[in-house]
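S.K.: In case you want the letters, here they are:
Number of protein chains: 2
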Amino acid sequence: MPEITILTEADLRAVVGLGDDERRAIEAVYPVISAGRAAMPPIMRIDVPAHHGEIDIKSAHLPGWPGIAIKVSAGFFDNPARGLPSLGGLMVVLDAETGVPLAALFDNGHLTDLRTALAGAVAADHLARRDARRVAVLGAGVQARLQVLALAHVRTIEHLTVWGRRGDRAAALATDLGDELGVAVAVADTPADAARDADVLVTTTPSTEPLVTVDMLHPGLHVTAIGSDAEHKQELAAEVVRDADRFVCDETGQSGRLGELRAARAAGFAVDVVELGAVIAGDAHGRTGPDDVTVCDLTGTGAQDTAIASLAVERCAAAGTGTTLAT
Amino acid sequence: MPEITILTEADLRAVVGLGDDERRAIEAVYPVISAGRAAMPPIMRIDVPAHHGEIDIKSAHLPGWPGIAIKVSAGFFDNPARGLPSLGGLMVVLDAETGVPLAALFDNGHLTDLRTALAGAVAADHLARRDARRVAVLGAGVQARLQVLALAHVRTIEHLTVWGRRGDRAAALATDLGDELGVAVAVADTPADAARDADVLVTTTPSTEPLVTVDMLHPGLHVTAIGSDAEHKQELAAEVVRDADRFVCDETGQSGRLGELRAARAAGFAVDVVELGAVIAGDAHGRTGPDDVTVCDLTGTGAQDTAIASLAVERCAAAGTGTTLAT
Numbered sequence: 003m004p005e006i007t008i009l010t011e012a013d014l015r016a017v018v019g020l021g022d023d024e025r026r027a028i029e030a031v032y033p034v035i036s037a038g039r040a041a042m043p044p045i046m047r048i049d050v051p052a053h054h055g056e057i058d059i060k061s062a063h064l065p066g067w068p069g070i071a072i073k074v075s076a077g078f079f080d081n082p083a084r085g086l087p088s089l090g091g092l093m094v095v096l097d098a099e100t101g102v103p104l105a106a107l108f109d110n111g112h113l114t115d116l117r118t119a120l121a122g123a124v125a126a127d128h129l130a131r132r133d134a135r136r137v138a139v140l141g142a143g144v145q146a147r148l149q150v151l152a153l154a155h156v157r158t159i160e161h162l163t164v165w166g167r168r169g170d171r172a173a174a175l176a177t178d179l180g181d182e183l184g185v186a187v188a189v190a191d192t193p194a195d196a197a198r199d200a201d202v203l204v205t206t207t208p209s210t211e212p213l214v215t216v217d218m219l220h221p222g223l224h225v226t227a228i229g230s231d232a233e234h235k236q237e238l239a240a241e242v243v244r245d246a247d248r249f250v251c252d253e254t255g256q257s258g259r260l261g262e263l264r265a266a267r268a269a270g271f272a273v274d275v276v277e278l279g280a281v282i283a284g285d286a287h288g289r290t291g292p293d294d295v296t297v298c299d300l301t302g303t304g305a306q307d308t309a310i311a312s313l314a315v316e317r318c319a320a321a322g323t324g325t326t327l328a329t
Numbered sequence: 003m004p005e006i007t008i009l010t011e012a013d014l015r016a017v018v019g020l021g022d023d024e025r026r027a028i029e030a031v032y033p034v035i036s037a038g039r040a041a042m043p044p045i046m047r048i049d050v051p052a053h054h055g056e057i058d059i060k061s062a063h064l065p066g067w068p069g070i071a072i073k074v075s076a077g078f079f080d081n082p083a084r085g086l087p088s089l090g091g092l093m094v095v096l097d098a099e100t101g102v103p104l105a106a107l108f109d110n111g112h113l114t115d116l117r118t119a120l121a122g123a124v125a126a127d128h129l130a131r132r133d134a135r136r137v138a139v140l141g142a143g144v145q146a147r148l149q150v151l152a153l154a155h156v157r158t159i160e161h162l163t164v165w166g167r168r169g170d171r172a173a174a175l176a177t178d179l180g181d182e183l184g185v186a187v188a189v190a191d192t193p194a195d196a197a198r199d200a201d202v203l204v205t206t207t208p209s210t211e212p213l214v215t216v217d218m219l220h221p222g223l224h225v226t227a228i229g230s231d232a233e234h235k236q237e238l239a240a241e242v243v244r245d246a247d248r249f250v251c252d253e254t255g256q257s258g259r260l261g262e263l264r265a266a267r268a269a270g271f272a273v274d275v276v277e278l279g280a281v282i283a284g285d286a287h288g289r290t291g292p293d294d295v296t297v298c299d300l301t302g303t304g305a306q307d308t309a310i311a312s313l314a315v316e317r318c319a320a321a322g323t324g325t326t327l328a329t
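Quick mapping for you: the protein sequence lines, in order, are chains A and B.
Numbering of the first sequence is given in our numbering, commencing with residue 3 and proceeding in unit increments.
Numbering of the second sequence is given in our numbering, commencing with residue 3 and proceeding in unit increments.
The hints are simulated quantities; they were obtained by calculation from the structure and are not laboratory data.
Keep in mind that a hint or two might mislead.
Which copy is meant is left open, because identical chains are indistinguishable; a pair holds if it fits in one copy or across any two.
As the list claims (entries may be wrong) - No farther apart than 25 Å at their CA atoms in a straight line, the calculated lysine to any residue pairs in the SDA-like style are these:
1. Lys235 x Ala272
2. Lys235 x Glu182
3. Lys235 x Glu99
4. Lys235 x Thr100
5. Lys235 x Arg132
6. Lys235 x Ala37
7. Lys235 x Pro43
8. Lys235 x Ala16
All of these numbers come straight from a predicted model, not from anything done at the bench.
All chains, please: the whole structure from these sequences, using the hints.
M.R.: Right, dumping it as structure tokens:
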């Protein structure tokens, strides 16, 4: 009799977080992507314009990984008026050897939040200066918070600056993170103010207009752009992508369609692109010295979903959490 | 607190079958597809060559339908050696207004089997002669069986002929269906023998070579081709598609990529294609008289999955079946 394990957000929060093992699990998938060994189809997207909704489906098979995750992300932007969160989702995990469903993860998007934050930490770990101390984040939502917390595992943060469209939310996030991490904090009035003294700048907004312009680049800066994951989104001016000493992305095709590479190419700029996996594998250089400006665009991949879901399922099984049903 | 309903194959078998309401639910989606009102992205496919596996993901949003199904089909062809079925799958249903997950349906592919059989009955209902009495089926598997049972709801079957690659399985299926439907049966030695006196011929095989050739067409015949759902599959010779008085398909783009239209176009034949939804809606003619040869190619659509899953979830809710968990 086949069995399926049902895992809730609470089950998952109890076993996976932003720790080193989780980050290494995410790090491990990038070389697989860059070597062309991940079976990772383009994102499937279903638009529901009547309710300002969109559903994205991602998946990937990674040779050697025990499971294949299929991740459903829903963004329905009329939801707040109904008292519901805009973003949600779930994952299902199939046995990679038999295709048999193993688990359904009703995480309400939490695993996506985690793997996205962990990816930011992986990018910074490989591309930011070793002595980076000053961090700035654009955006004041869940992802801004998680990016900073994940980054604190790979660099010693001494100062954090937050910029957000809503100053009150930026101030609240800065206060929270200052308390949690024990670091000095500031709230910036503009993205330029946030970027000015930063060693690491992380952009986490759904902006459709560039927030980071080329005049904000300064020697030694590393920028990780998280927000753009659709054709109409953009956080970095095309010139930022062009003028960085190194432009890195998680998956070139996707960055060109949905990420920061899109606008740069549309502007006619020839960009020398290297994938994060090639940098991690040592097949391509990242930062070559303390004064380089590095930029990493992360659009988010099904491979990360398969990695975090596989880890979560394994840990829940070890801990005996979840509900198992005969199907 | 959000809740999710978990439905097993047994839960689903108890509430949905091959009845008239189910068929009408499937019939209703075709005009939506043909009017261009379904948001139905191309099938997402993940190949797992190390285990002779493939995963197909289908989905569709139909305006006015309460749910959006995301259907995962797995075919892992090393499974029989492990004592597992080759084919399986599951569906999840999201609320079409909010994107919130409503239900996970661990149906092991049963709902796909049903909606595919119901689609065959819809096609025959609209395209076969009203007085069709003699049915032939190529293939002797689950889908062959279900196609005949569904067809019995729309035409009065008096005689059934089964052809299968394995004669023993064809004989067993013929005997079973003869008993179940109370009709005369025969087993054919060749596809041509099966087709000879048929009013309705249904092809349900994974063949990669044409089984139905143009010499088998005779006045009044209706052919429904179910099997081809991938680039390498083909049940009908290209000339069959060309020479039919009417060639109908469920979705033109998909039939051209994965169905019987592909080989006909590759042969350079100009095929006058009409979608089943246009025939159902009365926007295009189907059969114009008793001697027409009609052909319908069904590749299977996410819209059908959304229709059958929505009906199943509604019926399980009304019956109070399934397991509800807080997420």
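S.K.: For each hint, tell me whether it holds in the structure or not.
M.R.: Status of the hints after comparison with the structure:
no.	hint	verdict
1	Lys235 x Ala272	within (20 Å within a copy, 42 Å between copies)
2	Lys235 x Glu182	neither (31 Å within a copy, 59 Å between copies)
3	Lys235 x Glu99	between (37 Å within a copy, 24 Å between copies)
4	Lys235 x Thr100	between (38 Å within a copy, 22 Å between copies)
5	Lys235 x Arg132	neither (30 Å within a copy, 55 Å between copies)
6	Lys235 x Ala37	neither (28 Å within a copy, 30 Å between copies)
7	Lys235 x Pro43	both (21 Å within a copy, 21 Å between copies)
8	Lys235 x Ala16	neither (33 Å within a copy, 46 Å between copies)
Checked against the numbered hints above, the structure violates hints 2, 5, 6, 8; every other hint is satisfied.
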